[in-house]
Amino acid sequence: MGSDIFEVGVNFGKMVLIFVMMVQIVPLLVWVERRGSAFIQNRFGPNRVGPLGLTQLLADAVKFIFKEDFLPEKSHRLVFYAAPIMALIPAALAFAAIPLSMPIEITQFEMLGSIWGPYRFVFQGYEIGIGIVFVLGVSSLAAYSLLMAGWASSNKYSLYGALRASAQTISYELALGLSLVGILLLFNTFNFQEIIVLQDKALAFSFFGQEVSLGWLPNWGVFYQPLGAIIFFAAMFAECNRLPFDLPEAEAELVAGYHTEYGGLKMNMFYIGEYGHMLVASALMVTFYFGGYSLGPWLTEETVNGLSQWIVESISPTIVYLMDIPFPESFAAIFEASQNKVNILTAFVFHGVFLGKVLIFLWLFVHVRWTLPRFRYDQLMDLGWKTMLPWALANTILTAIVVLVMRMN
Amino acid sequence: MSQLIPVFALAGFVIFFGILLVLVAALFGPKPKASKMKSMSYECGLVGEGQETTKVPVKFYLTAILFILFDIEIIFMYPWAIAYSDFIEAGQGLYIFGAMAVFLAIFIFGLFWEIRSRALEWE
Amino acid sequence: MMSAIFFYILATLILVFAYKTITANNPIHCALYLAITMINLAFLFFGLNAPFIGGVQLVVYAGAVMVLFVMVLMLFDLKSEIRAFSRGLFSGLLKIASAGLIFGILSNAIFKTGDLLGLASGGPGMPDPAGTSRDLAIMLFTKYLFAFEALGLLLLLVAVGAVAVSRIKGGTHAN
Amino acid sequence: MPISGVLLDVGINHYLVLSALLFTMGMIGVLMRKNVIVILMSIELMLNAVNLTFITFSTYNANLNGQIMVFFVMTIAAAEAGVGLALAVAIYKKFKEVNIRFFEQLRG
Amino acid sequence: MNEKLLMGLMILLPFFGFLFNGLRFRSKDYKLAGIVASLMSGLTFVISLILVGKLISLPAAERVLSAKYFTWMTAGDFSVNAAFMLDQINAIMILVITGVGTLIHVFSIGYMSHDDRPSKYFAYLNLFLMNMLLLVLGDNLLVMFVGWEGVGLCSYLLIGFWFTDSEKAAAGMKAFITNRIGDAGFLLGIFLLFITLGTVEFAELIARAPSVPEVGWSGPITLACLFLFIGATGKSAQIPLYVWLPDAMAGPTPVSALIHAATMVTAGVYMIVRLSGIFILAPNVMMIIAIIGALTALLAATIGMTQWDIKKILAYSTVSQLGYMFLGVGVGAFMPAMFHLMTHAFFKALMFLGSGSVIHAMHEEQDVRKMGGLKKLMPITHFTFAMGWLAIIGIPPFAGFFSKDEILWYSFASPKGHWLLWVIGAVAAGCTAFYMTRLMCLTFWGQSRVPKETHPHESPATMWIPLAVLAFLSVVGGWIGIPHVISAVLPGHPPNVLGDWLSPALASVGEIHGSALVEWALMGISVSLAGISAWVAYDFYVKHPERPQMITEKLGSIYGVVYNKYFIDEIYFARIINPLVDLSKGLWLYIDVNFIDRITYVIADLVKGTGQFLRSLQAGNTQMYALYISLGIVITITYVLMG
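If you read the protein sequences in the order shown, they are chains A, B, C, D and E. Sequential numbering from 216 applies to the first sequence in the numbering used here. Sequential numbering from 91 applies to the second sequence in the numbering used here. Sequential numbering from 19 applies to the third sequence in the numbering used here. Sequential numbering from 306 applies to the fourth sequence in the numbering used here. Sequential numbering from 3 applies to the fifth sequence in the numbering used here.
Derived by calculation from the structure, the hints in this document are not laboratory data. Hints should not be assumed to be uniformly reliable.
Stated by the list, open to error - Pairwise CB distance ranges (calculated):
| no. | chain 1 | residue 1 | chain 2 | residue 2 | range |
| --- | --- | --- | --- | --- | --- |
| 1 | B | F103 | E | Y627 | 43 to 53 angstroms |
| 2 | E | L633 | C | A168 | 25 to 35 angstroms |
| 3 | A | E283 | D | E402 | 34 to 44 angstroms |
| 4 | E | L633 | B | P122 | 54 to 64 angstroms |
| 5 | B | P122 | A | F254 | 35 to 45 angstroms |
| 6 | D | K398 | E | V48 | 53 to 63 angstroms |
| 7 | D | V378 | B | Q182 | 24 to 34 angstroms |
| 8 | A | V427 | B | D176 | 21 to 31 angstroms |
| 9 | C | L111 | D | V378 | 30 to 40 angstroms |
| 10 | A | V427 | B | Q182 | 19 to 29 angstroms |
| 11 | A | I280 | C | A168 | 56 to 66 angstroms |
| 12 | C | T131 | A | H566 | 44 to 54 angstroms |
| 13 | A | T586 | B | A180 | 47 to 57 angstroms |
| 14 | E | Y627 | D | V378 | 15 to 25 angstroms |
Every residue, glycine too, gets a C-beta built ideally from N, C-alpha and C.
Please model the complete structure; the sequences and the hints are all you need to start from.
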């Protein structure tokens, strides 16, 4: 994790922050969901507590804590309690593996009387060489929490909901996994960082020995893999059990699906897992098909770097001047303009870009939910096995042929 | 040292956090006396009928078996996709394509056989 | 030092959950414990510089095979077993004894030969773990191509067989 | 920064003993459990033990053949689980239980 | 296309046909089955044409195509390849087999149209074709032996094709068992040759054989040749093992034509010709072969004169003609033997198919006494049959004349020949002419004795077209081997194509001494003998139908003996089979019951007791099985580690 205490501390803090970020996206999304649905359905939505009803969620959270800790009769206690905890893990582990921005290079600096660095911090929980396989593997664990919850509740609707949910999840995982083969064929790496770097260019490829360059477009996966992107996106909806694929919780048939018997914070944990899944889905979508944190020719690193440099150089003295507090000597370095600060700022700017893209997709999730009707279960499975899987196959074969023809000799 | 430890640490942290939440809920939640009606399985307020658990169609497990098999076939494509360009650069593009074409032919045959044998039909 | 601690944590987790797997009374608990064992093994594989295999372990074993097990068990609606083990005291003892003998033979072999190989502590290790998944792929599609295609055929046969077996007339298909 | 040299300095024997222990546990499960599905799970445990050995030797010998073998073993294990569970379901349909002793009644 | 592929295809195509029809053997769709089978057969014929074309294009000295597929087995210095070779000798064989075979397949479509299991029939037919080609193409004795056994199997299956009739099933078994006796001899011959010469490949055998010192009757080559000849007598129905062939007529008639006239029964001749280089080294065996051949020819011909079953007559005729071939190889007339083999395949297949056509028309009636006057009702069959008749009795210029006369000439003039052999041959030829004419008379000419309820009719096109083709071949087939004496007086002096073609591949017995004058004289004698007997037969059975009756009464007991086939079957029963049965019974009642059984009872009780105990170990408890496995592993590993 690190070679000295500073690096370990930063890495650990970073990880906690990323997890907290995932957890905190839930109230925000719930708010967006409620306001958004209200907007679409021409009503008000939550607007009493706080500005625009923003603190409604805080009130809800407090309320959840003081709900009864209910355990149904005949349930399996251990599994019943373990299920919501299990729901948190896949999304958290998967999200931490996705790069949220470019790595930060820290040169040597002095602090607390000793020399630190140089360091290289990745803007993600951890960097794993086979990121894609890892994320797939971890998110395939999501089925457990559903099954555990459904079974432990000793309720037939819960069990049905759980089985439906997991059958649906695994069915769409095939199309999901297969649509990624196209991306792998193009970029030939499992590493997210490398994939993003490969996309951070002007759109250019060789076509029968001819170099084709479209300088005004970024080198995004979606331009090579439109069909793959669509399949991936649709499969992601099903993986997250979101409308139009939210059969596991079809109220009319199954009450509330696998978490019928859960209440209070435990149900909230399922929500965290589910929204976390959406977050991961959006982040993966952005990473694979929309350049991750990069914007290609529209916003190059040099531009941002220059901007950051200007900001740091113009703001740091101002702060020192304005604050005018007699810091101990050792802390003074914190407020001095330095390359490190420029790098950090640049990374955060790109992080902002990433968040913006992710938010667009999260909004799409919400928008679709309030727009489309729900599938019937047989339609759902037919779509997964008989439509999307063959199309994903076709996409793979086509990509392989095109790559073969274009890269030969 | 390694990047495995953060994964482990995060998993531990998440589990810790989850247990914390469950404990908090257990500590702060009111504990009214349980009544028989309340602790019964929830079936929209009606008195539960039949067994709490129920027989479910074999379909689910068949889907799961087929999923496993296809999942492995897809996993086999990953290393192929990774090494594809290397093979092409080494002048063996057609070889690697053919290798996977045979595999894919089997895959596609299997998929269409399953569809035709109505193993994937849900009423 | 750190790695030894980590190894021991993982090994303990693996052994404890493996033990729970073979002793738990409720088959679903068995399956869940086995899933945890598998996940920990995946981490061990990561630690052994086989990240791709670790990932595959997660996807295939933990994500697919064990889900299937859990699903089938839920499908059966089995109660906890009162007697989880087979009948027979003498044969039971014999079984444990034979397992113990096998373990004895294995550990004997390990301690006798492990040092001879010069691999007991440390060792050359993987030269470049980042490249392994690519090297693995190249090897898979050259040296092991035939086995690879044969496995494809095997999977097809299993799919056909599973569908055929599940067509056997029985009770639970009523709904 | 890729993973490197992670858990190697404990030495090969640790891994092998762990694997032997896992294998023995799986074997006890196969020999002694009543439930067919648990027996199948025990078999998976044994296969996993073997996989661990493969990976260990592969890593310490810097030789990728072992990893490919593990890949194949996993495939076979999944296939075996598929067929085994299909049979278990068939048994369950007939006897409403999945005790191993019902296999005695399977006579060609 | 290379010859390896082509020869492989020759085997695989019929095999495919066998699989195709064999897997749907319940189907009653005789058209599909027949067309597929005939197509496979026809394709092999085309391939053999291509192969022979390739062979012709090679220079005469090195006309061998060989194809090695894989090493079949190795044991010490014994090694056999699965390999084929094609040279001048088996080039003729494959052409005959596939050509005649194809015609018979086509004929069968019509013949089997009313049968219950046409698919099975065609499957067997294709399997036979495959095995026959294996026999002929094999480049060593073992591959040949596989085919040899295979054709025996198919022969058995097809003779017993209508196995619901117990008599027919018994006929199949008789053929099989008789063949086994011969095959045992054949195997012994192979072993002896291998022990002596250390190889089983034909080319090697022939190359190494002369180096073996030969001593009179007990030399290894002589013994080996004798054993091989025993094998040949079994397969080719010679004295003493000919008895199965007449009974084999229980099978469908096209089968009789293909297997029991044209191809399989000639395998013995082919084998001896193939190994002529070795047989030539064993003059005593050659003599035996010649004598047995001549005797068989005469014996079968005399039996043939008395039979009433149309197929039996043809069967004895086949035995007799095979006798001619053996007479030929016995006196070193390898070329004429092959020549006669070919022409015989044409005219005998023709006559069998013709008889099949008649039987088909007569609603499965085979007794010639219930036929007669079919000439008007079945003109095509009659005409083609008549071609065959003329060919077999040796009227020039039909095919049979050239080949038969060549054999007779060799038996007289070859260094290994003898005038007595010629006399027997000539008499047999006379008998042949008599019974064949008798057959013609009784079947086609004279008064109709057809029962009122049967209405004979001409056969469909699939049946008469093969007849026509074969009739054409029976007429012209002999023209490729015209002997010198005759071609010398013919305009244009047609060359002896077959002789020139075969001679490089065959061993030679030395110069034939004898003048052209003698040859012409002998020829004249035999032809006139045939003519006279034919006329006598015509006189007896058409002009004066009462005369045969008178003569048989006058001959009395002799006629009875001949009519009952010299009581050969009965003698076999009385002198060989019954004593054997008695001996076995004695062994059974005294030694077995009193002595051996006691021992076995004790052992059985022991085994039973052990089994009683062991049974409890395998009560179906899977986990106990697993335990045994693990204990076994423990013990094995411990043993290995300790040892």
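Now for the hints, and whether the structure bears them out:
1. Between F103 of chain B and Y627 of chain E the C-beta distance comes to about 47 angstroms, which sits within the given range of 43 to 53 angstroms.
2. Against the hinted window of 25 to 35 angstroms, the Cβ-Cβ separation of L633 of chain E and A168 of chain C comes to about 32 angstroms, which satisfies the hint.
3. Taking the beta carbon of each, E283 of chain A and E402 of chain D are about 38 angstroms apart, inside 34 to 44 angstroms as hinted.
4. Take L633 of chain E and P122 of chain B: their Cβ atoms lie about 60 angstroms apart, and the range 54 to 64 angstroms holds.
5. At roughly 39 angstroms, the beta-carbon separation of P122 of chain B and F254 of chain A lies within the given 35 to 45 angstroms, and the hint holds.
6. Look at K398 of chain D against V48 of chain E: about 56 angstroms separates their beta carbons, and that is inside 53 to 63 angstroms.
7. Checked against the hint of 24 to 34 angstroms, the C-beta distance between V378 of chain D and Q182 of chain B comes to roughly 27 angstroms, which is consistent with it.
8. Distance hint check for V427 of chain A and D176 of chain B: the Cβ-Cβ separation is about 23 angstroms, which falls inside the suggested range of 21 to 31 angstroms.
9. Between L111 of chain C and V378 of chain D the beta carbon distance is about 31 angstroms. The supplied range of 30 to 40 angstroms therefore holds.
10. About 25 angstroms separates the C-beta atoms of V427 of chain A and Q182 of chain B, a value consistent with the hinted range of 19 to 29 angstroms.
11. For the pair I280 of chain A and A168 of chain C, the beta carbons lie near 57 angstroms from each other, so the given range of 56 to 66 angstroms is met.
12. Separated by about 53 angstroms at the C-beta atoms, T131 of chain C and H566 of chain A satisfy the suggested range of 44 to 54 angstroms.
13. With their beta carbons about 49 angstroms apart, T586 of chain A and A180 of chain B fall inside the hinted range of 47 to 57 angstroms.
14. A hinted range of 15 to 25 angstroms holds for the C-beta pair Y627 of chain E and V378 of chain D, which are about 23 angstroms apart.
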